[in-house]
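Letter by letter, the chains look like this.
There are 2 protein chains.
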Amino acid sequence: MMDQRLIQQLEKKINYTFADLSLLEQALTHRSFKAKNNERLEFLGDSILNFIVAEILFHKFPALSEGDLSRLRSDLVKSKTLSDIAIKLDLGNYVRLGEGELKSAGWRRPSILADCLEAIMAAIYLDSNLETVKQFISTWFYDLIENIDPKKIDKDAKSLLQELLQAQQISRPKYTIASISGEAHAQTFDVLCEIEKLGIHSTGQATSRKEAEQIAALRAIDMLKKIKS
Amino acid sequence: MMDQRLIQQLEKKINYTFADLSLLEQALTHRSFKAKNNERLEFLGDSILNFIVAEILFHKFPALSEGDLSRLRSDLVKSKTLSDIAIKLDLGNYVRLGEGELKSAGWRRPSILADCLEAIMAAIYLDSNLETVKQFISTWFYDLIENIDPKKIDKDAKSLLQELLQAQQISRPKYTIASISGEAHAQTFDVLCEIEKLGIHSTGQATSRKEAEQIAALRAIDMLKKIKS
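The listed protein sequences correspond, in order, to chains F and A.
In terms of our numbering, the first sequence is residues 1 to 229.
In terms of our numbering, the second sequence is residues 1 to 229.
Treat the hints as calculated values from the structure; they're not laboratory data.
All figures in this text were calculated on a predicted structure; none of them were measured in a lab.
Misleading hints may appear alongside valid ones.
A few chain A residues facing chain F, derived, Cβ under 8 Å [what the hints assert, rightly or not]:
1. S32
2. L44
3. I48
4. N50
5. F51
6. G100
7. L130
8. T176
9. A184
Here are a few chain F residues that face chain A, going by a calculated C-beta distance under 8 Å [unchecked claim]:
10. N50
11. F58
12. S65
13. I180
The C-beta atom is built at its ideal place from N, Cα and C for all residues, glycine as well.
Isolated chain F, as found in the complex (with noise of 0.2 Å):
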C-alpha cells in the first residue's frame, strides 16, 4: 500500500477522488516494482487516449484529410507530449519503482512518466466513465490542441509524395536499400525509390534508412510536379 498523504496529495493534483484507490495505486507501478504494473492499464489507456485525441481533431477540424489528422495525433499522443504533461502533473514524485530503476534515476525517465499517464487515464477511465476521462484529456491537452495551426502542417515529404499519387489514384512508392555501405557505426544509406507507373525513379543517400527515403521522397515530388507543369 502506498503512503496515503502521498495518494491524496496526486488526487488533488489531477484533481480527481477514486472511488477504488487500488487502481490509482497500479497506475503508478511500474514493472521494476512488481507484478502487478501498471503495462495492462497503459494499453488501455493508449486506446483510449488514441480514441478521444482523434474524436477532438475530427470534430475541431472538419476540413482536414485523414492524412493531416493522423500527422496531428501522432504528434499530441508521442511519448515526448505525454511525459511533458506528466512532468507537469508532478507523476516522477509518485511512480512506484524497483531498486534499479531507483538507481538509475527512473523516475526522470521519460518513457516511464509517458507510461504512467496513460495509465492512469485508464485508472480514471474504470474508476468512472468516459464522459470523466475525456475532459481530463481534454484540459491536459488543452494548449496543444488550442494551438494548432491548421494551414502550418508540417508534412514530411514521404507522406507528402504519398498523397500526391493518392489523389491520382496511384499506388504507392516503393523503396528499397541499393546498398549500404561503411562501418557498422558509420554507415551510408543508398535508397531507391521508385513510382512504377510514372516511371519514376529517384535516389537519397544519407546515414539513416529513415533520412535517405525522405530525400528520395522529396525528388521523387520534384519529378512529379516537372512531369504535371
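Chain F is already provided as a structure; the job is to place chain A on it using the hints.
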C-alpha cells in the same frame, strides 16, 4: 444521393437504422468516387475499434500481459479480419466507387472493404453513442473473440526475445543489416541482432529483412537460454 431501397437493404443487414443517413452514405463512399469520402470516418472508426477491442480483451483476459493483449488486438483489427466481416455484411454491394475502381472490381478489394467497415463504425458512433457501436463491434467480433485460446498465443521470436530481456531489465536488442546481396528481385539479407549487455551477437539470413530478423532473434533466444541454464 444513393438509392433509398439499397440503403434500407443495408440498414437491415447491419441491423441499424440511421437518424442521419448522410453519415452512412459518406461511410460507403470511397475516395475514388468524390471529395466527401469515407477517409475521415475511417480514421475515427479505426480509433474506436482499437479502443473497444482493447477494452474487451482487457476485461476478458485479466491474466494476459500487455504484450499478449497487443498481439491479440493486432490480429483482430488487421485488414484481413475486417474485410472478412465486411464480406459477411455484403458491403461490396453498397460501396460507392469511381470509374477506375469499378473497372478493376474495387468492390472486391479487401482494403476498400476493411476501410468501409471502419467508416461505418464511426458513422454509427456519430449517429448514436459509444455503447451502441460497442454492441455492434462485439457482435461482429463475437466468434473471433470467443475462439481465442490464451494458451495458444503465438509469439514471434522478436517479441518473445524482447519480453525475455524486459523481464531482466535489459534494454531491447539492436537489429542492423550487415549486408544485402543479390539482384533487386532476389535479394538476401544478412541481419545482426545484438544484445550488448549480455555480449550476445546472432545473425540471420533470409530473402526479407523481417524474416532475417526473426531468425536472428530465434538464435539470440537460444543463446540467452544457454546463459541462463
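Tested hints:
Interface restraint check: A:S32 against chain F, minimum CB-CB distance 6 Å, threshold 8 Å, status holds. With a cut of 8 Å, the hint placing A:L44 at the interface with chain F holds, because the nearest CB-to-CB distance is about 5 Å. Look at A:I48: its Cβ gets to within about 6 Å of chain F, closer than 8 Å, so that hint holds up. The criterion of a C-beta within 8 Å of any C-beta in chain F is met by A:N50, whose closest approach is roughly 5 Å, and the hint holds.
Against a cut-off of 8 Å between C-beta atoms, the interface hint on A:F51 holds, since the closest Cβ of chain F lies about 4 Å away. With its C-beta approaching chain F no nearer than about 6 Å, A:G100 sits inside the 8 Å limit, and its interface hint holds. Look at A:L130: its Cβ gets to within about 6 Å of chain F, closer than 8 Å, so that hint holds up. The interface hint given for A:T176 is met, as the beta carbon of that residue sits about 6 Å from the closest beta carbon of chain F, less than 8 Å.
Restraint check, A:A184 versus chain F: the minimum CB separation of about 7 Å is within 8 Å; hint holds. Because the closest C-beta pair between F:N50 and chain A is about 5 Å apart, less than 8 Å, the hint holds. Here the hint on F:F58 is kept, as its CB sits about 5 Å from the closest CB of chain A, short of 8 Å. Residue-level restraint check for F:S65 holds (minimum Cβ-Cβ distance to chain A is 7 Å; threshold 8 Å).
Residue-level restraint check for F:I180 holds (minimum Cβ-Cβ distance to chain A is 6 Å; threshold 8 Å).
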